[in-house]
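Student: Here is how the chains run, residue by residue.
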Amino acid sequence: MVPVGPAAYPSAMRLLLRTLLRLLLPAWGFFDVVGVVPVLEWRPMAPDGRWGLWRPVLHAPAWRWWHAVWHPEGTRLLALQTVVERATFACLQRDEDATESLTLVAHLVEQVATSTAPQRLTYGWAWRLVAQHTDRMQVVHERQHPGHPR
Amino acid sequence: MAALPSDASLASAITWMTRLAGGAAAISALELWTIRADWSDRGIWRPAALRPTWGALTPLMGAGGFRAVLLAQLSAAIVMIASPATALGQPMASVATAGVLLGTLLAAMRFRGTVNGGSDGMLFTVLAGLLLARIAPTDSRWSQAGVLYVAAQLTLSYLRAGLVKVTRRPWWTGEALLAFLRLPAYGAPAPVVAWGEAHPGWVRLVSLAVMAFECLALIAWRSPTWCLVVIAVALVFHGVVALLFRLNRFLWAWWAAMPSLWYAAQLLR
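These protein sequence lines map, in sequence, to chains Y and P.
Numbering that gives the first Met the number 0 puts the first residue of the first sequence at 0, with every later residue one more than the last.
Numbering that gives the first Met the number 0 puts the first residue of the second sequence at 0, with every later residue one more than the last.
Treat the hints loosely; a few may be bogus.
Said to hold, decoys possible - Stretch-level coverage of chain Y by chain P, calculated; a stretch enters the list once three of its residues show a Cβ under 8 Å from a Cβ in chain P: (1) 42-53; (2) 72-86; (3) 129-143.
Claimed, not checked - Here are the in silico distance ranges between beta carbons for each label pair: (4) P:A67 to Y:L20: 22 to 32 Å; (5) P:V232 to Y:L20: 23 to 33 Å; (6) Y:P145 to P:V239: 26 to 36 Å; (7) Y:P145 to P:A67: 12 to 22 Å; (8) P:V94 to Y:M136: 52 to 62 Å; (9) P:P169 to Y:A61: 24 to 34 Å; (10) P:A144 to Y:L19: 13 to 23 Å; (11) Y:P55 to P:R168: 57 to 67 Å.
I should point out that these hints are in silico values taken from the structure, not numbers from a laboratory.
Beta carbons: idealized from backbone N, C-alpha and C, even for Gly.
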């Protein structure tokens, strides 16, 4: 049901003010240094109940020269990477806002899993968010999904 | 400060900013339209997951409502691209600018800033300054202020990014640049990454050049000649960044801001 009336204003106003503040006062601190690298991985379960190997969810599309001016797939990739980053850092900082980011990540994995290996999803799949530090790898969130029996 | 530039100088800056910002907004709307499956009812940014934060704006943010927002933004962007210089005092392009500004704001709210935050920030800055410049009487102080606000933010964008880098040792050695090239998120072409790994000296040189350009961009305000040099280097810089890091929308947004810098340099001549 679509929220209307005064009860709907607080969340919309908060979002509006937060967005306006971010757009009117951008940080501009681009390309600082590479610190923790967040990676999203998934794996399907085999019929014998064994898990497959972890594999990255996001892949860069092939490079073309015209991407300098027109590149919706690249824009999508960067946006999805931002979703993964937000979820990873929210988990690392035990942020209460992690729920929304994790929901978006779950949708992303479901889409990739369904489109790349639909026949193997009968028995379930799992995904995890990994924070790659310079000297170690830290799993910050892991989730398993039941399969879709046929 | 010397004599103020003629009406033509300010009018020319506003006209070109309008056309270029229209181009940037059109690309932005078309790219979002192309990936519409991702924000449909079964997509990644599906309305059901984000709706609680939209409140009263929900009708505009659902799949159908947001498609209408994008089409309106695209139409307004086309009006901006086609606006003739003589239309400066006409309300049509000003209304279109306001429409694109609103569309950009709604898109930023729709995706919670995940779809290219920085380029949206610059496009919004250009549109906000442009709207102020267009609705104020031509060549008035308010009109100038709108254009100069964009020029100041543009310069600040380089300066801030440069100052962040000079405080980081990996940027002085070139390691930071190489690390960004290696990041799968950007998907830089493999031959470029391999070349960088084989030629650390050259990577360091490029890294130093990037820091020097960003920190010295302020000299564009010194004279029109220096401004042309900065604009030329900036166009090459953004072109290369767009090619290597898939940041094409940054190229469009920063292009749209360049006429403001040219106007600022003439103003301080």
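Student: Taking 52 to 62 Å as the stated bounds, is the beta-carbon spacing between V94 of chain P and M136 of chain Y within them?
Tutor: For V94 of chain P and M136 of chain Y the Cβ distance comes to about 53 Å; the hint holds.
Student: Is 22 to 32 Å respected by the C-beta to C-beta distance linking A67 of chain P and L20 of chain Y?
Tutor: Cβ of A67 of chain P to Cβ of L20 of chain Y: about 26 Å, so the range 22 to 32 Å holds.
Student: Is it true that V232 of chain P and L20 of chain Y lie within 23 to 33 Å of each other by Cβ?
Tutor: holds (31 Å)
Student: Please count how many residues of the region 72-86 of chain Y have a CB within 8 Å of a CB from chain P and say whether that reaches 3.
Tutor: Held - the region 72-86 of chain Y has 12 residues with a Cβ nearer than 8 Å to chain P, which meets the minimum of three.
Student: Lying within 13 to 23 Å: is that true of the beta-carbon distance A144 of chain P to L19 of chain Y?
Tutor: holds (19 Å)
Student: Given a hinted range of 12 to 22 Å, is it respected by the beta-carbon distance of P145 of chain Y and A67 of chain P?
Tutor: Cβ of P145 of chain Y to Cβ of A67 of chain P: about 38 Å, so the range 12 to 22 Å is violated.
Student: Are at least 3 residues of the region 129-143 of chain Y within less than 8 Å of chain P when you compare beta carbons?
Tutor: Violated, because only 0 residues of the region 129-143 of chain Y bring their Cβ atoms closer than 8 Å to Cβ atoms of chain P.
Student: Check the following: the C-beta atoms of P145 of chain Y and V239 of chain P are separated by a distance inside 26 to 36 Å.
Tutor: violated (47 Å)
Student: Between the beta carbons of P169 of chain P and A61 of chain Y, is the distance compatible with 24 to 34 Å?
Tutor: holds (29 Å)
Student: For the region 42-53 of chain Y, does the count of residues with a C-beta closer than 8 Å to a C-beta of chain P reach 3?
Tutor: Since 0 is below three, the answer is violated.
Student: The hint says 57 to 67 Å between P55 of chain Y and R168 of chain P; measuring C-beta to C-beta, is that right?
Tutor: For R168 of chain P against P55 of chain Y, whose Cβ atoms are near 29 Å apart, the range 57 to 67 Å is violated.
This entry does not satisfy hints 1, 3, 6, 7, 11, going by the numbered hints stated previously.
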